[in-house]
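**Student:** Going down the list, the sequences are from chains X, C and L.
Letter by letter, the first sequence follows residues 1 to 314 of UniProt numbering.
Letter by letter, the second sequence follows residues 1 to 308 of UniProt numbering.
Letter by letter, the third sequence follows residues 1 to 236 of UniProt numbering.
Note that these hints are calculated values from the structure, not bench results.
Using N, Cα and C, we set each Cβ at its ideal position, and we do this for glycine too.
Treat the hints with care, as some may be off.
To be verified - Partial selection, computed: residues in chain X whose CB lies under 8 Å from chain L:
id : residue
1  : F130
2  : N193
3  : R198
4  : M199
5  : G201
6  : D203
7  : V204
Said to hold, decoys possible - Chain C residues, not near chain X, derived (Cβ > 12 Å throughout):
id : residue
8  : A10
9  : A65
10 : A81
11 : L82
12 : P98
13 : P152
14 : L155
15 : V169
16 : V178
17 : R195
18 : Y235
19 : P280
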Amino acid sequence: MSDTAKTVALHGGLLALLFALGFLLPAYHHGNLARIMVLASYAIGYNILFGYTGLLSLGHALFFAAGMYGMGLAVQYLGLSPGPALTAGLVAGAIVAGAVGLLALRTAGVAFMIVTLMFAQAGYLTVLYFGAFTRGDEGFVLQQAQRVLWGIDLSDPVHRYFAAFALFATCLAAVLWMVHRPFGKVLIAIRENEDRARMLGYDVFAYKLAAVILSGTISAAAGAAYGLLFGYVGATFASVQYSIFPLLWVLLGGAGTVLGPFIGTLFMFYLIDLSSGITTAYMLIAGVVLVLLTLFAPQGLAGELRKRIWRGLP
Amino acid sequence: MDIGPYLLLASLEGAVTAAVLALTAVGLSLVFGVMRVVNVAHGEFFMLGAVLAWWVTSLVAGHAALGFVLALLVVPVMVGALAALADMTILKRIAYDPERTIVATIGILYIIQQVTLMTYGPDARPVEPPFNTRLALPWIEFVDGKPHIYWPWGLSTTTYKLGVIAAAVLVLIGVWLVMAKSRIGLIMRATQLDRDMALAFGIPVERVYALVFGLGAALAALAAVLIVPIQQAHYLMGGDPLLLSFIVVIIGGLGSLPGTVVAAILIGLSDGIISVFFSPTLAKILATLLVALVLVFRPQGLFGVRRA
Amino acid sequence: MMLMSTRGLTRQFAGLHAVEDVDFDLPQGQVRALIGPNGAGKTTFVGMLCGRIAPTSGTVVFDGQDISRLAAHKRINLGMAYTFQITSVFANLSVAENVALAARRRRHGGAVQDAVVRALQQVGLQDRLAQNAGDLSYGHQRLLEIAMGLAQHPRLLILDEPTQGLTDSEIAAFKALVRGLADTTTILLIEHNMSVVMETADVITVLNSGRVLAEGSPQAIHADPAVQRAYLGTGG
Numbered sequence: 001m002s003d004t005a006k007t008v009a010l011h012g013g014l015l016a017l018l019f020a021l022g023f024l025l026p027a028y029h030h031g032n033l034a035r036i037m038v039l040a041s042y043a044i045g046y047n048i049l050f051g052y053t054g055l056l057s058l059g060h061a062l063f064f065a066a067g068m069y070g071m072g073l074a075v076q077y078l079g080l081s082p083g084p085a086l087t088a089g090l091v092a093g094a095i096v097a098g099a100v101g102l103l104a105l106r107t108a109g110v111a112f113m114i115v116t117l118m119f120a121q122a123g124y125l126t127v128l129y130f131g132a133f134t135r136g137d138e139g140f141v142l143q144q145a146q147r148v149l150w151g152i153d154l155s156d157p158v159h160r161y162f163a164a165f166a167l168f169a170t171c172l173a174a175v176l177w178m179v180h181r182p183f184g185k186v187l188i189a190i191r192e193n194e195d196r197a198r199m200l201g202y203d204v205f206a207y208k209l210a211a212v213i214l215s216g217t218i219s220a221a222a223g224a225a226y227g228l229l230f231g232y233v234g235a236t237f238a239s240v241q242y243s244i245f246p247l248l249w250v251l252l253g254g255a256g257t258v259l260g261p262f263i264g265t266l267f268m269f270y271l272i273d274l275s276s277g278i279t280t281a282y283m284l285i286a287g288v289v290l291v292l293l294t295l296f297a298p299q300g301l302a303g304e305l306r307k308r309i310w311r312g313l314p
Numbered sequence: 001m002d003i004g005p006y007l008l009l010a011s012l013e014g015a016v017t018a019a020v021l022a023l024t025a026v027g028l029s030l031v032f033g034v035m036r037v038v039n040v041a042h043g044e045f046f047m048l049g050a051v052l053a054w055w056v057t058s059l060v061a062g063h064a065a066l067g068f069v070l071a072l073l074v075v076p077v078m079v080g081a082l083a084a085l086a087d088m089t090i091l092k093r094i095a096y097d098p099e100r101t102i103v104a105t106i107g108i109l110y111i112i113q114q115v116t117l118m119t120y121g122p123d124a125r126p127v128e129p130p131f132n133t134r135l136a137l138p139w140i141e142f143v144d145g146k147p148h149i150y151w152p153w154g155l156s157t158t159t160y161k162l163g164v165i166a167a168a169v170l171v172l173i174g175v176w177l178v179m180a181k182s183r184i185g186l187i188m189r190a191t192q193l194d195r196d197m198a199l200a201f202g203i204p205v206e207r208v209y210a211l212v213f214g215l216g217a218a219l220a221a222l223a224a225v226l227i228v229p230i231q232q233a234h235y236l237m238g239g240d241p242l243l244l245s246f247i248v249v250i251i252g253g254l255g256s257l258p259g260t261v262v263a264a265i266l267i268g269l270s271d272g273i274i275s276v277f278f279s280p281t282l283a284k285i286l287a288t289l290l291v292a293l294v295l296v297f298r299p300q301g302l303f304g305v306r307r308a
Numbered sequence: 001m002m003l004m005s006t007r008g009l010t011r012q013f014a015g016l017h018a019v020e021d022v023d024f025d026l027p028q029g030q031v032r033a034l035i036g037p038n039g040a041g042k043t044t045f046v047g048m049l050c051g052r053i054a055p056t057s058g059t060v061v062f063d064g065q066d067i068s069r070l071a072a073h074k075r076i077n078l079g080m081a082y083t084f085q086i087t088s089v090f091a092n093l094s095v096a097e098n099v100a101l102a103a104r105r106r107r108h109g110g111a112v113q114d115a116v117v118r119a120l121q122q123v124g125l126q127d128r129l130a131q132n133a134g135d136l137s138y139g140h141q142r143l144l145e146i147a148m149g150l151a152q153h154p155r156l157l158i159l160d161e162p163t164q165g166l167t168d169s170e171i172a173a174f175k176a177l178v179r180g181l182a183d184t185t186t187i188l189l190i191e192h193n194m195s196v197v198m199e200t201a202d203v204i205t206v207l208n209s210g211r212v213l214a215e216g217s218p219q220a221i222h223a224d225p226a227v228q229r230a231y232l233g234t235g236g
């Protein structure tokens, strides 16, 4: 099989499987998988910046929350229907990402990490500060009537599953397409050797900014979809923890691979799900996995797969 | 109460914050200065200091001062040893790579925090101060152009709070003496200047790193032991000191101990005074944005000079 | 016509002059070699030409345009190419993709693939299209660097020690390649290997302690006593 055929078979196969599971899974796992697909879309967005461009952000919760609150506040206070509200979320994410990118990309390495962390922290505190509108930590619930998109009731579990699937499939296909386009290759080139890319004549700053905005917008799409599908908007999703999660998922699944974000999210979700049945200290798992990954498998699961089995894994 | 006495009260409270913050931030700054890594778990070492202080004092019967003094002596050593262990088992193995160290210390953060939740539980618990006498403070107002001393209601501090400030000053002088005058301080500074050269001169760099990482954590723990009679011990209390230490260390110039102390005093005092005028949330928003912008527009000056 | 000129070009590092007051003129179509002992400021000098290093003072003119304040990538897009002294290929991309990244600055669609194949043929790496660049031997990575420079079809090709680490036969092929390019491309070559310099350069500029020590034909430079003292005498 040619590399292209293998790529199509692998990623198409996953999507077909997820589609079929929408009809087969019992209610509990059905709901979980819907959540995982939305969160994996978030991780896919994160991976564009971290995995492909080589920029480690500690502040992506800002983009996720921008999408979620952009959508949620538009529904709650402007009375928008879900379609325009989702657009509002995407636009909010893109604008915030553009602003953060313009500033944070003036730094590199550790300083970039701290700057993104600080911006996200400021964003989280802003959500709390405007508690009169956002309801702070407590958050607010979107009623069933507010969650009908094009006549489809997204609070219905089946509809919700396939809406999550549609989001995930779109993000996956978009990234797969991107990494095979010159644009994606330039991002990888920047990750591999920024100076060399610049000396080939590429405007590195512009490409990095585009990557931040693309990554932020996909994260915002996931945030907006999460709020809409699960009917809840709250400050937790803007907290540091939600900046760490996508890093964890992508590291576990394999940074710079198309499938990695999904694999990482799936594993981590069930690890935390299982352990939260045993203890309230379920974030312990996240900590242990982070340490073990940095120590023993910095390439992640899909990265190991690429190293051992198929070099051409996109 | 008038604004004058109110500001005096805010400054006194701010001075306590500044004292504790200076200790915590100097720990973080020391680690960054010598090892060139950012320890995101620093706040958890602070939290661990407070929780262990509660534990040690709860074991000791008799006068409150007895348990407290024991905690003051034992807890920083315990936390420092734990940090040194984390350094040797984790950070050393990833060769102190700056980015991977941040990811690893985020992991350590969650491990410490969650293990504390599992063992110590979700409650906030107080520690009794060893001494705690209320001191009312006078204020001067001008009545018909003549100064007039009076005792505004609510304007007071405690001997313990003054004790915290004094203790922090003493410890900081101690740290300075160690760094500037002692042999071990010389070794640390040599390692900071040029790691490879230090190795070539036979300095056991790995042991120095473990020592510095432990010392940094011990300072945070010490700060926590001092503050815990004022502020209760809770497993989530590490977030604020971490954030504030970041702010202080970045504003003060990374790795610079005098800069860190000055910035801690500045931030600690202004934190108290600003919160008189603004909500604490708004003050924190402004502070985090300030730090981000300092890093963006003065990265070379404040994020330390890279070794050639 | 001068393709590249500098006037009073100076760069200080911590008070030391790495490059001091260099006036330099490179006519179109010439192969110029830049030689000098280690630490003479050669890499700093070309770094200022292509924008990797900002000059402390002085001007750089490319094709009649003052580019002293222009960002590096914009200078490259004017028609310069720079190959790195330390191999800087994109290790986790294929050999073909490395060259394609260079070729795409000027070409689109199918022309990219043609340019990739041709550039790799020119350096003799046409059999290694699909290999990961990071898996190439050191010498082959150097050749890939050169291919990336060629694929850009530059008007000025700056090569920073291209033959370092190459075998004798690869060096011979490199000499032939440079002579073949000379008709279409202006070349500035930083080189330690004197046989490469003598056989390919039209004119040699000798840099010593950040200043131009001598400039002239290979024969004239070879005979220059000052150059021999400063550079050739030390065995280069």
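**Student:** Give a verdict on every hint.
**Tutor:** Consistency of the hints with the structure:
no.: 1; hint: F130; in the structure: violated, 40 Å
no.: 2; hint: N193; in the structure: holds, 5 Å
no.: 3; hint: R198; in the structure: holds, 5 Å
no.: 4; hint: M199; in the structure: holds, 5 Å
no.: 5; hint: G201; in the structure: holds, 4 Å
no.: 6; hint: D203; in the structure: holds, 5 Å
no.: 7; hint: V204; in the structure: holds, 7 Å
no.: 8; hint: A10; in the structure: holds, 21 Å
no.: 9; hint: A65; in the structure: holds, 34 Å
no.: 10; hint: A81; in the structure: holds, 18 Å
no.: 11; hint: L82; in the structure: holds, 14 Å
no.: 12; hint: P98; in the structure: violated, 5 Å
no.: 13; hint: P152; in the structure: holds, 31 Å
no.: 14; hint: L155; in the structure: holds, 30 Å
no.: 15; hint: V169; in the structure: holds, 29 Å
no.: 16; hint: V178; in the structure: holds, 27 Å
no.: 17; hint: R195; in the structure: holds, 17 Å
no.: 18; hint: Y235; in the structure: violated, 9 Å
no.: 19; hint: P280; in the structure: violated, 10 Å
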